[in-house]
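Required output: the full structure, derived from the provided sequences and hints.
Protein chains in written order, with the working numbering: chain Z, 1 to 312; chain D, 1 to 178; chain P, 1 to 425.
Any given hint could turn out to be false.
[What the hints assert, rightly or not] Each pair of labels, with its calculated beta carbon distance range:
hint	chain 1	residue 1	chain 2	residue 2	range
1	Z	197	P	35	54 to 62 Å
2	D	156	Z	121	41 to 49 Å
3	Z	152	D	174	37 to 45 Å
4	Z	121	P	98	54 to 62 Å
5	D	164	Z	258	35 to 43 Å
6	D	168	Z	37	26 to 34 Å
[To be verified] Okay, derived cross-link-like pairs now, DSS-like style, lysine-lysine, Cα gap no bigger than 30 Å in a straight line:
hint	chain 1	residue 1	chain 2	residue 2
7	D	167	Z	39
8	Z	95	P	396
9	D	87	Z	151
10	Z	95	P	408
11	Z	68	D	87
12	Z	16	D	87
[What the hints assert, rightly or not] Non-contacting residues of chain Z with respect to chain D, defined by C-beta distances greater than 12 Å in every case (computed):
hint	residue
13	16
14	44
15	71
16	199
17	202
18	218
19	235
20	270
21	278
22	282
23	287
24	306
Everything labelled a hint here was simulated from the structure, so no lab data went into it. All C-beta atoms, glycine included, are put in the ideal place defined by N, C-alpha and C.
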Amino acid sequence: MSFTHKHILGIEQLAKEDIQLILDTADSFKEINSRDIKKVPTLRGKTIINAFFEASTRTRLSFEIAGKRLSADTVNISGSTSSVVKGETLEDTAKNIEAMAPDIIVIRHAHSGAPHYLAERVGCSVVNAGDGAHEHPSQALLDLLTMREHKGDIEGLEVAIVGDITHSRVARSDIYALTRMGARVRVCGPGTMLPIGIERLGNVEVFTDMREAIKDADVVMMLRIQMERQSNVMIPSLREYARFYGLNPTNLQLAKPDAIVMHPGPMNRGVEISSVVADGPQNVILDQVENGVAVRMALLYLVSGVESMQTR
Amino acid sequence: MAKAQTAILDKAGIKRAITRIAHEILEYNKGSEKLVLIGIRTGGDHLARLLQSRISEIEGVEVPLGSVDITMYRDDLAARGNLPIGKTDIPFPLDDKHVVLVDDVLYTGRTIRSAMDALMDFGRPSTIQLAVLIDRGHRELPIRADYVGRNVPTAREEDVAVVFDEKKSPFEVRLIKP
Amino acid sequence: MAKILIKGGRVISPAQKLDDLCDVLIEKGKIAAIGKGLSAKDAEVIDATGKVVTPGLVDIHVHLRDPGLEYKEDIASGTLSAVTGGFTSVACMPNTKPVNDNQTVTSYILKKAADEGYCRVFPIASITRGLAGESLTEMGELKALGVCAVSDDGKPVSNPQLMRRAMEYARPFGLTIISHAEDLDLVASGVMNEGPVSTELGLKGIPWVAEDAATAREVMLAEFTGAHLHVAHVSTSGSIDIVRQAKKRGVNVTCEAAPHHFSLTDEAVRGYNTNAKMNPPLRSAEDMAAVRQGIADGTVDAIATDHAPHHIDEKNVEFNIAMNGIVGLETALPLTLKLVEEGVIDLPKAIALLSSGPAGVLNLPVGQLVAGGVADVTIIDPNLAWTVDAQKLVSKSKNTPFDGWQMKGAAVCTIVAGKIVYKRG
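Here's what the structure looks like:
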């Protein structure tokens with residue numbers, strides 16, 4: 001099948017076949033990362049602008065490396081959205097970026113929907129690198145690639161996602177992606193971190209007891225607790241959170257013996273995940289990071305193909 | 001409308017051609033030392049595997065076999081959109097090796113150019129030689145084959161297809177007229 | 001002043017329970033006569049055959065943005081938008097710059113409305129100075145000057161003690177307290193209705209309980225003080241029910257519903273449509289049904305637009321930082337007539353909710369057709385089909401979620417004090 005998405009705004013818009021193709025393409029690109037010369041000329045002459053309006057280290061790095069390994073010219077711009085009322089509007093920023101004729105804009109933004117806003121206003125491809133609490137499609141795809149490598153088939157997997165589901169764009173994208181691929185998702189967190197209607201996003205079951213949520217799971221994915229959000233009275237203390245919703249060697253035994261442990265990073269050791277588990281044999285956290293580059297190469301390659309066909 | 005197809009090489013003919021190429025490779029390279037075979041996906045990789053087993057029958061040595069997908073190196077990607085990216089599998093260094101690149105049909109030479117670019121990213125071979133089952137002419141780049149199974153004069157609008165069976169073994173070469 | 005004779009229309013004046021085919025004669029700014037077969041020398045005759053002749057429509061919740069925010073709307077453009085939509089009276093909210101919390105601003109609005117306005121303007125003053133929620137405005141003097149009610153619309157009074165004092169103080173002056181009932185702590189940083197759609201879009205939600213809890217508090221304070229409370233733009237099934245129960249107990253409470261709350265749900269936000277962002281937010285389908293039920297059973301006393309013009313630059317931004325509110329004056333009538341077509345209410349009830357209903361809430365001397373009364377008249381073609389084109393709205397601002405909607409029904413002629421101020425061309 002051929003890929004027809006000019007923009008990657010979310011997993012929600014992707015069909016199972018699209019996801020399959022992205023994963024297969026990523027799989028082929030992955031080999032480049034182990035070469036001595038880690039560069040192919042595929043996107044030579046293409047310009048990719050990584051517009052990160054929200055702090056990010058690994059996602060930006062990952063997209064930048066992905067672009068460079070494909071020989072694209074990648075340029076990073078960063079900005080803060082906190083002073084957005086006084087500053088330039090996103091539309092003006094977008095128009096200015098577009099005037100420099102990029103082929104792809106990769107955007108990270110604190111406001112949900114910002115990539116959609118951008119896609120409606122620029123001619124080039126837009127790839128969402130995380131928008132507010134909405135979606136983080138490349139993260140979900142690298143999660144899937146990692147699961148596929150370790151578990152063979154994604155269909156039928158029991159995946160537990162534990163943490164602040166309300167504020168998690170990773171959880172939303174993973175729910176869409178896993179549901180499309182035929183996995184079952186269990187989300188778990190304190191009552192304050194479970195948004196209304198999350199179960200309607202896909203094949204999702206909601207838990208507040210972590211032990212039930214991870215029982216016999218194939219994959220346990222721990223989400224980062226945003227320390228800075230705790231003024232918002234979501235939880236009484238990190239200590240209590242760690243006790244009821246932290247992954248440790250004891251409760252991990254409830255999952256399947258061959259279960260894998262995932263985390264989108266950066267980890268708060270001792271809060272949502274104990275160091276023993278984070279460094280333990282079941283963790284595949286660095287595989288996720290490695291797969292991130294391959295998945296992002298695949299996304300850049302695929303949207304660029306659609307873009308160049310449309311331009312012609 | 002069904003296109004007219006003519007068989008120009010049958011299974012036995014293909015086998016004879018492969019055997020001859022295997023001998024020529026060994027003769028030219030004075031044996032199989034430092035010899036590696038890289039097939040261009042898809043088609044060339046199957047022929048390379050066939051060559052490997054033939055060389056093994058002759059010399060009693062299994063030469064390293066790899067495959068390369070040239071999509072990432074194509075010069076017409078912008079015009080073709082997103083073609084599927086296949087796997088490249090070269091699990092050994094190419095430095096100081098005699099690399100025989102294997103493809104099914106040699107035509108414009110652009111595929112070979114892409115494949116050579118790819119090989120260069122894996123090291124610095126002593127030589128790169130080219131083996132093809134069919135050379136149908138119409139080169140667009142200064143490239144020629146070192147080993148040719150059969151030269152087939154064609155018109156540009158014609159097509160040449162090597163047909164493989166389900167075991168990825170070639171059983172016929174067809175000339176397809178528009 | 002010229003005489004006008006409106007002939008052959010279906011004349012509806014809900015306050016008089018009038019619904020009949022007859023003529024209306026206007027003379028010297030007053031209704032001279034209503035009856036069959038009327039004639040008058042040198043009168044301009046308007047053939048209203050097939051049309052509906054109603055009291056001039058009344059909107060008691062409008063933001064005219066004047067003074068101070070004239071880049072969004074001013075008294076001239078806002079009242080022109082009003083008469084285009086069939087409204088002959090509007091009550092304007094005090095969140096201008098400066099706030100209408102003093103006699104100078106009230107006088108400015110009244111004078112400018114008299115000089116440049118196309119329809120009647122009834123200013124609403126703020127409950128607290130500067131909408132700051134700290135001290136009361138001079139309600140007595142403001143009332144004497146012509147203020148029709150007090151409200152801290154958009155910035156609800158959160159301190160219950162202050163709200164109690166406001167009600168106790170306003171009551172003897174006959175001033176209605178209009179409450180934008182929302183608990184701001186529960187709203188927090190929400191930008192749309194909290195529910196499955198907000199979860200899906202990853203936008204912070206405003207829960208229904210933020211409105212219900214505040215409505216309940218306001219109703220209890222009104223019950224306690226005996227003041228007249230008018231709850232603005234009820235949007236949840238809970239607050240509709242709280243008002244319904246309070247009315248049964250005899251509490252002096254009224255409420256209004258906005259056309260967008262009975263026409264749209266939070267599904268309209270999908271695609272991060274900033275023209276579907278308002279406060280209170282578009283709610284669930286169940287809430288929308290409850291608002292319609294409240295309209296049908298009489299819980300809702302008035303339909304009011306919450307006409308909230310915003311400049312394109314304030315809407316053409318990310319959803320989170322877009323301003324709240326939509327323009328409503330030019331779409332309210334057809335959206336209300338849609339309720340008639342869908343069988344929620346009959347036509348006289350629809351007209352009542354747009355005229356005698358709102359006039360009654362604020363005790364305004366308009367909203368009915370009666371011989372000797374003011375000649376504010378709207379002639380409606382109930383079958384006129386038209387398509388909303390945001391760019392063609394008369395209002396300075398174009399922020400409507402109804403752009404492109406197929407509408408049925410429109411005002412074809414609007415008469416204020418015996419003068420034709422709008423004719424659909």
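To see whether the hints hold, each was checked on the structure:
Distance hint check for residue 197 of chain Z and residue 35 of chain P: the Cβ-Cβ separation is about 58 Å, which falls inside the suggested range of 54 to 62 Å. The hinted range of 41 to 49 Å is satisfied by residue 156 of chain D and residue 121 of chain Z, whose Cβ atoms lie roughly 45 Å apart. About 38 Å separates the C-beta atoms of residue 152 of chain Z and residue 174 of chain D, a value consistent with the hinted range of 37 to 45 Å. The hinted window of 54 to 62 Å between residue 121 of chain Z and residue 98 of chain P is violated, with their beta carbons roughly 36 Å apart.
In this structure the supplied range 35 to 43 Å holds for residue 164 of chain D paired with residue 258 of chain Z, their Cβ-Cβ distance being about 38 Å. The hint said 26 to 34 Å for the Cβ distance between residue 168 of chain D and residue 37 of chain Z, and at roughly 30 Å that hint holds. Proximity of residue 167 of chain D to residue 39 of chain Z is assessed by CA-CA distance (about 33 Å); at most 30 Å being required, the pair is judged violated. The straight-line distance between the Cα atoms of residue 95 of chain Z and residue 396 of chain P is roughly 26 Å, inside the 30 Å bound, and the hint therefore holds.
Between residue 87 of chain D and residue 151 of chain Z, the direct Cα distance comes to roughly 20 Å. Compliance with the 30 Å bound is thereby established for this hinted pair. Distance hint between residue 95 of chain Z and residue 408 of chain P is unfulfilled; the C-alpha atoms sit about 39 Å from each other, more than 30 Å. Restraint check for residue 68 of chain Z and residue 87 of chain D: satisfied, since their Cα atoms lie roughly 20 Å apart, inside the 30 Å limit. At most 30 Å may separate the alpha-carbon atoms for a hinted pair to count; residue 16 of chain Z and residue 87 of chain D meet this at roughly 21 Å.
Annotated as non-interface, residue 16 of chain Z keeps its C-beta farther than 12 Å from every C-beta of chain D; the closest such distance is 17 Å. Against chain D, the non-interface label of residue 44 of chain Z is violated: not every CB pair exceeds 12 Å, the least being about 9 Å. The beta carbon of residue 71 of chain Z is not kept farther than 12 Å from every beta carbon of chain D, the shortest such distance being approximately 9 Å. At roughly 35 Å, the least C-beta separation between residue 199 of chain Z and chain D is larger than 12 Å, which holds for a residue marked as non-interface.
Every beta carbon of chain D lies more than 12 Å from that of residue 202 of chain Z, the smallest distance being close to 27 Å; the non-interface claim holds. With a minimum CB-CB distance of about 26 Å to chain D, residue 218 of chain Z clears the 12 Å threshold, and the non-interface call stands. Annotated as non-interface, residue 235 of chain Z keeps its C-beta farther than 12 Å from every C-beta of chain D; the closest such distance is 44 Å. Against chain D, the non-interface label of residue 270 of chain Z holds: every CB pair exceeds 12 Å, the least being about 41 Å.
Even its closest Cβ contact with chain D, about 32 Å, leaves residue 278 of chain Z beyond 12 Å, as expected for a residue assigned away from the interface. Residue-level check passed: residue 282 of chain Z sits 28 Å from the nearest beta carbon of chain D, beyond 12 Å. Distance to chain D confirms residue 287 of chain Z as a non-interface residue, since its nearest Cβ pair spans about 18 Å, more than 12 Å. Distance check on residue 306 of chain Z: its Cβ comes as close as 7 Å (rounded) to a Cβ of chain D, failing to clear the 12 Å threshold; non-interface status is violated.
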